[in-house]
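Visitor: I would like the entire structure built from these sequences, with the hints used as guidance.
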Amino acid sequence: MITRKDVEHVALLGRLELSEEEIEVYTKQLGRILDYASVLNELDTENVPPMAHVLPLQNVFRQDAVGRHLDPEAVLSHAPDREDRFFRVPRLV
Amino acid sequence: MGKYEPVIGLEIHAELKTESKIFCPSSARFGGEPNTYICPVCLGLPGVLPVLNKKVVEYAVMAALALNCEIARFCKFDRKNYYYPDLPKNYQISQYDLPLAQYGFLEIDTENGRKRIGITRIHIEEDAGKLLHQGTVTTTPYSLVDYNRTGVPLLEIVSEPDMRSPEEARAYAEKLRSIIQFTGISDCKMEEGSLRVDANVSVRPLGSKELGVKTEIKNVNSFRALVRALEYEIERQVAILKDGGRIVQETRTWDEGKGVTLPLRSKEEAHDYRYFPEPDLPPLVITKEWVEEVYRGLPELPDARRERYVREYGLPAYDAGVLTASREVGDYFEACLRLYPQPKTVSNWVMGELARLLNATNTEIADSPVKPEQLADLLRLIDKGVVSGKIAKTVFEEVFRTGKDPQAVVKEQGLVQITDEAALKTIIDEVIAANPKVVADYREGKEKALGFLIGQVMKSTKGKANPAIVNRLLKEGIENKEI
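First to last, the sequence lines map onto chains G and D.
Take the first sequence: its letters are residues 1 to 93, numbered as in the working numbering.
Take the second sequence: its letters are residues 1001 to 1483, numbered as in the working numbering.
If you are wondering where the hints come from, they were derived from the structure by calculation, not from laboratory data.
It should be emphasised that the depicted structure is a prediction, and the values quoted were computed from it without experimental measurement.
Check the hints yourself; a few may be wrong.
[To be verified] DSBU-like mimics (lysine-lysine), calculated; alpha carbons at most 35 Å apart, straight line:
{"no.": "1", "chain 1": "D", "residue 1": "Lys1242", "chain 2": "D", "residue 2": "Lys1130"}
{"no.": "2", "chain 1": "D", "residue 1": "Lys1218", "chain 2": "D", "residue 2": "Lys1003"}
{"no.": "3", "chain 1": "D", "residue 1": "Lys1080", "chain 2": "G", "residue 2": "Lys28"}
{"no.": "4", "chain 1": "D", "residue 1": "Lys1258", "chain 2": "D", "residue 2": "Lys1218"}
{"no.": "5", "chain 1": "G", "residue 1": "Lys5", "chain 2": "D", "residue 2": "Lys1218"}
{"no.": "6", "chain 1": "D", "residue 1": "Lys1344", "chain 2": "D", "residue 2": "Lys1390"}
{"no.": "7", "chain 1": "D", "residue 1": "Lys1080", "chain 2": "D", "residue 2": "Lys1175"}
{"no.": "8", "chain 1": "G", "residue 1": "Lys5", "chain 2": "D", "residue 2": "Lys1089"}
{"no.": "9", "chain 1": "G", "residue 1": "Lys5", "chain 2": "D", "residue 2": "Lys1130"}
{"no.": "10", "chain 1": "G", "residue 1": "Lys5", "chain 2": "D", "residue 2": "Lys1214"}
{"no.": "11", "chain 1": "D", "residue 1": "Lys1089", "chain 2": "G", "residue 2": "Lys28"}
{"no.": "12", "chain 1": "D", "residue 1": "Lys1080", "chain 2": "G", "residue 2": "Lys5"}
{"no.": "13", "chain 1": "D", "residue 1": "Lys1017", "chain 2": "D", "residue 2": "Lys1089"}
Guide: Now the structure itself:
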């Protein structure tokens, strides 16, 4: 069961501002999604190790070498706000 | 209500000294103009994929071996979600339930002998960017972000709550730094942030087995600050408990200027990182063969080196401890020793004059203006009687200041020891003639009087007279002089 409180909590963590109506809608919708997925709980997973990755891959590496950097001016030109060569952000706490 | 005992555990982050970042080819170097070591991966742009730097794994395995850990055959990465502008992805790639290594330890020296401190786990993760505030984080009007550090490889090393005093915590942190430095995988410079220490501390009535409520102290920027912050926090907690109050579990920040710990207020709800397996990175399998390969490259560690200095060079335990406190000091000492194989003499100079001048000028030994070859040359000049031990210190200072070779300094400044007996005899006769009372004292058996006369000779030769010759000639001069 998803409660209204769960939705408010998750919204805060994701920095989402939700209206009253949205909270109600999402509480129901998220609840239905979890209900649907709960069918998996019926499976016996006693002897199944937790899956770490969906693909049968391991040990994919790169060598330790420096490559090309992006042009700082090009990057900063996309920033909502900047000062000199820094990104500028609102006060954090 | 009796006495309380503190219980301390440390979380230490060490930046690895790789060329490139952990998941992308951007430079991992310290410093650099803001936002120049950046690429789409460390900026968290859409559609990019992280790829693990192989060297990071090798370095982490090396640290794990040096700290006596068990290395996981199978480990994986997880996303730690939090919303803060120092990480542009809004999550940090870290390791959660399957860390690279666990169950290690190191040993520290305490008043009561050697003590083993457990290491709970070591995992690898990416560093976050650097935030600049005007004043403090709570009063700044806005903050500036530099992403150069974002994605620099980090080791997080978590200890067991095995320390029982601020001094033990310091000994543990220093020993850990020393071991990591010896392996060469990190600079471990606290002032540059390549070594960062967070402390967990609680107190409990002495004799109690249960743990008290702990607080976590951040922003400790030196070993001295670690001791001060812990002392303050322990006192604060004990005072609260003695008043019948309760400790609140929280994160606190050390205010170096005021000498206090303060609660760190944060909008983020209590740690809710919603870890889940990182889908962009496949798991990591570390074979026995790979661990053995890294093991073969593991250099001699501080404890082994210290024991060897006592055993092989016959140095006092104190000297051996000082010379092996950092890898660079030991390397310098050994470089000198290859050229001038007298351990105690070299040790005296390295721990004495060299350490003094390095401290005074805030210079790292690796950057010492006096090279091992020059120190060895100087010591040979003393042996040959070209300069006295005292003058050698003057020469050493000059070599340190100018980088010139000792022979050149001696020549330029006319510091060659005076061994010409005829020249010395003239000076000695003058000194004897000028100090009849002291000479009489010596004749009456006051040995100290001779020291004064030697001093006078040294003074008029600017310290260049050979002390053994002066000593002999003075005695002869006094005996031969008519009363």
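Visitor: Are the hints correct? Go through all of them and say.
Guide: Against the structure, the hints:
Using a Cα cut-off of 35 Å, the hinted pair Lys1242(D) and Lys1130(D) is violated, with the two alpha carbons roughly 40 Å apart. A C-alpha spacing of about 26 Å is found between Lys1218(D) and Lys1003(D), which places the hinted pair at or below 35 Å, so the restraint holds. At roughly 27 Å between alpha-carbon atoms, Lys1080(D) and Lys28(G) fall within 35 Å of each other, so this suggested pair holds. Between Lys1258(D) and Lys1218(D), the direct Cα distance comes to roughly 15 Å. Compliance with the 35 Å bound is thereby established for this hinted pair.
The suggested pairing of Lys5(G) with Lys1218(D) holds, with an alpha-carbon distance near 31 Å, which does not exceed 35 Å. Our distance criterion of 35 Å between C-alpha atoms is met by Lys1344(D) and Lys1390(D), whose separation comes to about 17 Å. Distance hint between Lys1080(D) and Lys1175(D) is fulfilled; the C-alpha atoms sit about 29 Å from each other, no more than 35 Å. Between Lys5(G) and Lys1089(D), the direct Cα distance comes to roughly 26 Å. Compliance with the 35 Å bound is thereby established for this hinted pair.
A hinted pair counts as satisfied when its Cα atoms are at most 35 Å apart, and Lys5(G) with Lys1130(D) qualifies at roughly 34 Å. Restraint check for Lys5(G) and Lys1214(D): the C-alpha separation of about 29 Å stays at or below 35 Å, so the hint holds. A distance of roughly 29 Å separates the Cα atoms of Lys1089(D) and Lys28(G); the hinted pair therefore holds under the 35 Å criterion. The suggested pairing of Lys1080(D) with Lys5(G) holds, with an alpha-carbon distance near 22 Å, which does not exceed 35 Å.
With a C-alpha separation of about 23 Å, the suggested pairing of Lys1017(D) with Lys1089(D) holds against the 35 Å cut-off.
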